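Protein chains in written order, with the working numbering: chain A, 1 to 360; chain B, 1 to 360; chain C, 1 to 360; chain D, 1 to 360.
No lab work stands behind these hints: they were computed from the structure.
Fair warning: this is a prediction, and the values are worked out from it, not measured in the lab.
Please note: incorrect hints may appear among the correct ones.
Here are the simulated SDA-like pairs of lysine to any residue, each with C-alpha atoms no more than 20 Å apart in a straight line [unchecked claim]:
id : chain 1 : residue 1 : chain 2 : residue 2
1  : A       : Lys-266   : D       : Lys-95
2  : A       : Lys-168   : A       : Gly-229
3  : C       : Lys-282   : D       : Leu-58
4  : B       : Lys-168   : B       : Glu-284
5  : A       : Lys-282   : B       : Lys-230
6  : A       : Lys-95    : A       : Lys-109
7  : C       : Lys-168   : C       : Leu-58
8  : A       : Lys-282   : B       : Asp-59
9  : B       : Lys-256   : C       : Glu-349
10 : D       : Lys-282   : C       : Ser-317
11 : A       : Lys-282   : B       : Glu-49
12 : D       : Lys-109   : D       : Arg-147
13 : B       : Lys-256   : C       : Leu-58
14 : D       : Lys-266   : A       : Lys-95
15 : B       : Lys-266   : C       : Glu-349
16 : C       : Lys-168   : C       : Ile-272
17 : D       : Lys-256   : D       : Pro-231
18 : C       : Lys-256   : B       : Tyr-252
19 : C       : Lys-282   : C       : Gly-212
20 : A       : Lys-282   : A       : Gln-292
21 : A       : Lys-95    : A       : Leu-50
22 : A       : Lys-168   : A       : Lys-95
23 : B       : Lys-95    : B       : Leu-58
24 : B       : Lys-266   : C       : Ser-233
25 : B       : Lys-8     : B       : Asn-129
26 : D       : Lys-95    : D       : Thr-35
27 : B       : Lys-256   : C       : Ile-276
28 : C       : Lys-256   : B       : Gly-229
29 : D       : Lys-168   : D       : Gln-221
30 : A       : Lys-266   : D       : Leu-58
31 : A       : Lys-256   : D       : Asp-74
32 : B       : Lys-256   : C       : Gly-346
33 : B       : Lys-109   : B       : Ser-233
34 : A       : Lys-266   : A       : Ser-317
35 : A       : Lys-266   : D       : Ser-233
36 : B       : Lys-230   : C       : Ser-317
37 : A       : Lys-256   : D       : Asp-175
38 : B       : Lys-266   : C       : Glu-257
39 : D       : Lys-282   : C       : Asp-59
4 protein chains.
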Amino acid sequence: MNEYREIKAGIVGGSGYTGVELLRLLLQHPQVTVTALTSRSEAGRPVVELFPSLRQQLDLTYVSPNDTALTDCDVIFFATPNGVAMNMAPALLEKGIKIIDLAADFRLKDVRQWERWYKQPHACPELLNEAVYGLPEVNRKAISQARLVANPGCYPTAVQLGFLPLLKHGLVAPDSLIADAKSGASGAGRTLREDLLFSEVHGNFRAYGAGGHRHHPEISQGLAIVNDGKPVSLTFVPHLVPMVRGIHATLYARLKEEINHRENFKISGDFILQSIYEDMYKSECFVDVLPQGSHPETGSVLGSNFCRLSVLRPESSDQVIVLSVIDNLVKGAAGQAIQNMNIMSGFPEEMGLMGPPMYP
Amino acid sequence: MNEYREIKAGIVGGSGYTGVELLRLLLQHPQVTVTALTSRSEAGRPVVELFPSLRQQLDLTYVSPNDTALTDCDVIFFATPNGVAMNMAPALLEKGIKIIDLAADFRLKDVRQWERWYKQPHACPELLNEAVYGLPEVNRKAISQARLVANPGCYPTAVQLGFLPLLKHGLVAPDSLIADAKSGASGAGRTLREDLLFSEVHGNFRAYGAGGHRHHPEISQGLAIVNDGKPVSLTFVPHLVPMVRGIHATLYARLKEEINHRENFKISGDFILQSIYEDMYKSECFVDVLPQGSHPETGSVLGSNFCRLSVLRPESSDQVIVLSVIDNLVKGAAGQAIQNMNIMSGFPEEMGLMGPPMYP
Amino acid sequence: MNEYREIKAGIVGGSGYTGVELLRLLLQHPQVTVTALTSRSEAGRPVVELFPSLRQQLDLTYVSPNDTALTDCDVIFFATPNGVAMNMAPALLEKGIKIIDLAADFRLKDVRQWERWYKQPHACPELLNEAVYGLPEVNRKAISQARLVANPGCYPTAVQLGFLPLLKHGLVAPDSLIADAKSGASGAGRTLREDLLFSEVHGNFRAYGAGGHRHHPEISQGLAIVNDGKPVSLTFVPHLVPMVRGIHATLYARLKEEINHRENFKISGDFILQSIYEDMYKSECFVDVLPQGSHPETGSVLGSNFCRLSVLRPESSDQVIVLSVIDNLVKGAAGQAIQNMNIMSGFPEEMGLMGPPMYP
Amino acid sequence: MNEYREIKAGIVGGSGYTGVELLRLLLQHPQVTVTALTSRSEAGRPVVELFPSLRQQLDLTYVSPNDTALTDCDVIFFATPNGVAMNMAPALLEKGIKIIDLAADFRLKDVRQWERWYKQPHACPELLNEAVYGLPEVNRKAISQARLVANPGCYPTAVQLGFLPLLKHGLVAPDSLIADAKSGASGAGRTLREDLLFSEVHGNFRAYGAGGHRHHPEISQGLAIVNDGKPVSLTFVPHLVPMVRGIHATLYARLKEEINHRENFKISGDFILQSIYEDMYKSECFVDVLPQGSHPETGSVLGSNFCRLSVLRPESSDQVIVLSVIDNLVKGAAGQAIQNMNIMSGFPEEMGLMGPPMYP
């Protein structure tokens, strides 16, 4: 019906929240059919037994990861735990299949750092360099030519989109970055952990991993690139919010002294900051800079691929505050993966991704 | 691009939850453009100021209810408080505009009963008879020829779809019906009431209106029709669940003695009940009968127009239990209204309504 | 300081929600010191490592269940899975220790029924007859003389207290009882089950066990006793509410025809029902009959040992509706256990249990 | 029964969440009887009609604020909107009544700043100097001699207790303070605001007042005092968490260079920080420093007067992170007010306040 070809997609590890979200979104994509869905533990079971929400819409059964249906795909999404994609990627790439890994296997360029944080030897370090970090707002061109895309983590997406304009324009001290990030519980996946039980999370709020979190090196690596390759110093504290979906990153950075003392910044610093954000993202279909003085809420992006941002400087101080919200399962995972797939496949970037957020 | 014509839709009262849900769904409808959106209090404001969730998707500004944009529409949805549609309907109908009222103005056939429950005189009782009760699973044909459709209430939708097969097949005593219904807080709309504050609803559960609720006569009227026109006796208790969307109706009815004592029913009553439900709804795109022994959950229909049902008879007793779930804002309001619009406009009934539920 | 002696209490299985709730409440009891707290898996760990909420209030370390500290107690609470208490009870009773089992081991009098529902052979059926069912509002005298008390289940407590006055006065047909019950997630304990994860329960509502639930025979047994020993027919459907604490039972029963047609009942049936409830519970410190027309909410009993009830008859029909709320961890478990301990120990029944509910 | 006298307490403005929390806590206080409870709008109504949670525990009726029952009290709590206490305080003080204002009327010493933030003229600026800021951990002695105590705000309590040790020991740059604070919805009171409706808050997270919040000058004033009277520069961003009770403050401060480069700090900075916190609070009954590496959760203090803290320095950087949690209605309002009352009345500071938190 239109000018684009149809493609077949496979999902490895389709029994978790990221997998089912890929299914939900791909069902709405006009050019893609999911033809293979693997799960070692669920092979043979219809998807709708695990996810009744997809009844009457999907007639698909889990297969084992070495089923030939997989190698028949044009593109394969890995919605697996860390460490799975790196073992399967080389053989699949050789067959000409494009790969988008929603886990962390190809996110860090430095293999030693990867092995330190993920506590296992890397199975194919030679691919780390080739893999493209799939943040379209930064790497669009490289993604369009990639066969292997490392889909960013949820926190890294919200934090990087928030900090980018400040660093790109050299406005803030790169050693002053603080990301106070808050996530709904679906970010932890469908894992059986006592601290993820309803009775533990409901009506409760806490930080975790304040001493060190795997997303820290990923964010730092991304921000350093925008900072002309020079390292940044970032403090990152994630928190668990008693809600299912959504990330809210509250970002703090100190204006460089020379910037803050500029005559024009004293008078209209807020206005300048606002313009810089609006300019930077004006042609991005999924990044939405709110009017000055707004507070984006996670509820305004649920189920959608949008990142909504606002930037402000309280009472003419030298601190810039950026508020950045995404749906962790969409722009922070499955949606961004499909955005990458669109770019890699020559489809319009927003194809199949413009379903409006659900509110309330 | 396809065989269907494009139509213009108007929404009167677009500042509440039902209004914004109509917008969310109509944005995904291929044949409809919303060209008029009214709100007395918000006239002149862009929709996205009230609902930032629709930013970057909708460029629409509230107009006053007497704006000419409204009379230029093919179909008008009333997402207003009770009592508004009945005052505007006659003039609009005269102009050849089709009307779907999501409020209660045209739901009851008996004007005295309407006036008793809604505590005001009815402005156009002469239209009550013409108005078609918009439950497509019952009234599809009449809806297709209607100019005025009374969109069912949220509880009445969940309860009637659950009881229908039992009454239609004369299986249960019509004086034994009990509907224990539970709804998320969005059912009460965006009303400023102390008992709807977050701190009052969260972590709390209660019944309300146990002594009498406006949806009671509506349900009874609908069930009597299927019961060969003979009145039924229904006990109906609604409850408020600390969640935003979703209705769960737990329905109880006593098998008629002659049914329960039939030889085949003793042996395979559960199987017979299951078959009756599956048969009745097998060609309905939005009613999903779950496998025997299932418990439908509201989380499996969020954001979608599905009603999921299960039927069971515990331990061969004479009680039948039906579990019925819907999203109160979709199948219980905006989605069903669009389903009716599709039928009235000659579109495929499921057009624009097949976006999968959001889970988790 | 007062006339009562001090006693030592032990808790077997203190690492779950019922165990920690016993600790919270016993900390506020003037005559009791918890001297032994056992957990096979946590032996050697300070309680506050598992439950930081008790920091600065409790200096207690888990011991193994065969620690001698246990046999030094005056009374032992079993907050264990079903099947544990029955194995330890005989030896402890022989030592003169009183036992209150918060699990189900001694709740059913009929050993065959117990073994059918709990799917294991009973270890000491000879104690079933001696064990007193610990619903003080029914069995106060027997409890005061018991050495072994079977603490009622959470649903059975809310349901029985609601139905009792109707059955005791012979007002309703004993074959017409329906209990539509709703519970917060803490009722399922701290169990690692996928369907108890926050992301599964939040914003979701569902029934479970509609085909048969272990609390069914317990409720039926209790109601039959009040019904002059004649069996009742009960339909019982439990539901999971997205909240942590609280049970709301919505109870339905049909007035006997001869009652409903009595002249005085036609005129003032509601008033008669209200009086019957108020009379029955007027000297109960933990059962609170609300004014006519009220809807009790679970939020009004959180953290407390109260059961709040209301009774109504909608529009002079022959259905009576009773609404009954408790905190499942208090009146439905730990609080009622302490109430039983008070009765068994000669303490005032409400001692240590009058801390007001937390609201909001 | 003990050595302490009994006192009479009055509450002005007892129909909000702070008022009912004062009632809940004072009911558990052995030396206090609440003899007057005022509410202009509810005068004449029994408290339990508004707060059924207090049924069977409290037999008190709202009176008008000029009822003589009020002037008969020993101490009066103001749980009123800002601007009420300052109008009634002078006359009551003259009668020898002690006053604890839970609102903001006497929190700021600088009347111009007060009038700027609270947007009204101050009715008795002459009392600002006399009023003692009721943070017992800082001002215990002055509180013991005060007739007028300004009870701290909820955010200021959590933030100041967190920052105090760092500033007192001169460890961090006073111009580097960031407080990213998160609160449950009860902090906004029982106010009818659309953005506080359940359907708006549930499953949603957002910042608010990032450009300026009334608690900012209060915190800055308090921190400056500990900073040897020199002003500090603080960035403060409050957020709304979809839960009812609890505040979590995540605090950031930069170690002074001379501190961070000290030999001993390089090697054992974390240990030094931990010791400083433990030493500072070791004799405080309501401040609990958690073991190194802990993340306090709001769920561990619900219903209690505790503040739980942890301090850490991620990966030997120059940033110190402090995590501080309280129950906003207890240590952040009613509980701290009673703590102040205890100090002012010569009672043990923890009297009536040691009820353990409710968990889960």
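So, going through the hints one by one against the coordinates:
Of the supplied pair hints, the one linking Lys-266 (chain A) and Lys-95 (chain D) is violated, its CA atoms being roughly 52 Å apart against a limit of 20 Å. Taking the CA atoms of Lys-168 (chain A) and Gly-229 (chain A), the gap is near 11 Å; set against the 20 Å cutoff, the hint holds. Of the supplied pair hints, the one linking Lys-282 (chain C) and Leu-58 (chain D) holds, its CA atoms being roughly 16 Å apart against a limit of 20 Å. Between Lys-168 (chain B) and Glu-284 (chain B) the alpha-carbon distance is near 16 Å, which keeps this suggested pair within the 20 Å criterion.
Taking the CA atoms of Lys-282 (chain A) and Lys-230 (chain B), the gap is near 63 Å; set against the 20 Å cutoff, the hint is violated. Using a Cα cut-off of 20 Å, the hinted pair Lys-95 (chain A) and Lys-109 (chain A) is violated, with the two alpha carbons roughly 24 Å apart. Of the supplied pair hints, the one linking Lys-168 (chain C) and Leu-58 (chain C) is violated, its CA atoms being roughly 44 Å apart against a limit of 20 Å. Restraint check for Lys-282 (chain A) and Asp-59 (chain B): satisfied, since their Cα atoms lie roughly 16 Å apart, inside the 20 Å limit.
Distance hint between Lys-256 (chain B) and Glu-349 (chain C) is unfulfilled; the C-alpha atoms sit about 48 Å from each other, more than 20 Å. Restraint check for Lys-282 (chain D) and Ser-317 (chain C): not satisfied, since their Cα atoms lie roughly 65 Å apart, outside the 20 Å limit. About 19 Å separates the Cα atoms of Lys-282 (chain A) and Glu-49 (chain B), which keeps this hinted pair within 20 Å; it holds. Annotation: proposed proximity of Lys-109 (chain D) to Arg-147 (chain D) holds, straight-line Cα distance about 16 Å (limit 20 Å).
Restraint check for Lys-256 (chain B) and Leu-58 (chain C): not satisfied, since their Cα atoms lie roughly 60 Å apart, outside the 20 Å limit. Using a Cα cut-off of 20 Å, the hinted pair Lys-266 (chain D) and Lys-95 (chain A) is violated, with the two alpha carbons roughly 52 Å apart. Between the alpha carbons of Lys-266 (chain B) and Glu-349 (chain C) the distance comes to roughly 49 Å, so the proposed pair goes past 20 Å and is violated. This hinted pair checks out: Lys-168 (chain C) and Ile-272 (chain C) have alpha carbons roughly 14 Å apart, not beyond 20 Å.
Taking the CA atoms of Lys-256 (chain D) and Pro-231 (chain D), the gap is about 16 Å. The hint holds against a cut of 20 Å. Straight-line distance between C-alpha atoms of Lys-256 (chain C) and Tyr-252 (chain B) comes to about 19 Å, which keeps the hinted pair within the 20 Å bound. For the proposed pair Lys-282 (chain C) and Gly-212 (chain C), the alpha carbon gap of about 34 Å is over 20 Å, so the pair is violated. Only pairs whose Cα atoms come within 20 Å are accepted, and Lys-282 (chain A) paired with Gln-292 (chain A) is accepted, the gap being roughly 15 Å.
Taken as a hint, the Lys-95 (chain A) and Leu-50 (chain A) pair is broken in the structure, with Cα atoms around 31 Å apart against an allowance of 20 Å. Between Lys-168 (chain A) and Lys-95 (chain A) the CA atoms are separated by roughly 38 Å; this puts the pair beyond 20 Å, and the hint is violated. Distance check on the hinted pair: Lys-95 (chain B) and Leu-58 (chain B) sit about 27 Å apart at the alpha-carbon level, beyond 20 Å; violated. The hinted pair formed by Lys-266 (chain B) and Ser-233 (chain C) meets the criterion: a straight-line CA distance of about 18 Å does not exceed 20 Å.
Annotation: proposed proximity of Lys-8 (chain B) to Asn-129 (chain B) is violated, straight-line Cα distance about 27 Å (limit 20 Å). The hinted pair formed by Lys-95 (chain D) and Thr-35 (chain D) meets the criterion: a straight-line CA distance of about 17 Å does not exceed 20 Å. Straight-line distance between C-alpha atoms of Lys-256 (chain B) and Ile-276 (chain C) comes to about 33 Å, which puts the hinted pair past the 20 Å bound. Between Lys-256 (chain C) and Gly-229 (chain B) the alpha-carbon distance is near 27 Å, which puts this suggested pair outside the 20 Å criterion.
Under the criterion of a C-alpha separation no larger than 20 Å, the hint pairing Lys-168 (chain D) with Gln-221 (chain D) is consistent with the structure, at around 14 Å. Distance check on the hinted pair: Lys-266 (chain A) and Leu-58 (chain D) sit about 58 Å apart at the alpha-carbon level, beyond 20 Å; violated. For the hint linking Lys-256 (chain A) to Asp-74 (chain D), the alpha-carbon distance of about 56 Å lies beyond 20 Å, and the restraint is violated. Between Lys-256 (chain B) and Gly-346 (chain C) the alpha-carbon distance is near 53 Å, which puts this suggested pair outside the 20 Å criterion.
A threshold of 20 Å between alpha carbons decides the hint, and for Lys-109 (chain B) with Ser-233 (chain B) the separation of about 18 Å falls inside it, so the pair holds. At most 20 Å may separate the alpha-carbon atoms for a hinted pair to count; Lys-266 (chain A) and Ser-317 (chain A) meet this at roughly 10 Å. A threshold of 20 Å between alpha carbons decides the hint, and for Lys-266 (chain A) with Ser-233 (chain D) the separation of about 18 Å falls inside it, so the pair holds. A hinted pair counts as satisfied when its Cα atoms are at most 20 Å apart, and Lys-230 (chain B) with Ser-317 (chain C) qualifies at roughly 18 Å.
For the proposed pair Lys-256 (chain A) and Asp-175 (chain D), the alpha carbon gap of about 15 Å is at most 20 Å, so the pair holds. Among the hinted pairs, Lys-266 (chain B) with Glu-257 (chain C) is inconsistent with the structure: their alpha-carbon atoms are about 28 Å apart, more than 20 Å. Straight-line distance between C-alpha atoms of Lys-282 (chain D) and Asp-59 (chain C) comes to about 16 Å, which keeps the hinted pair within the 20 Å bound.
Violated hints, listed in ascending order, are 1, 5, 6, 7, 9, 10, 13, 14, 15, 19, 21, 22, 23, 25, 27, 28, 30, 31, 32, 38; each of the other numbered hints is respected by the structure.
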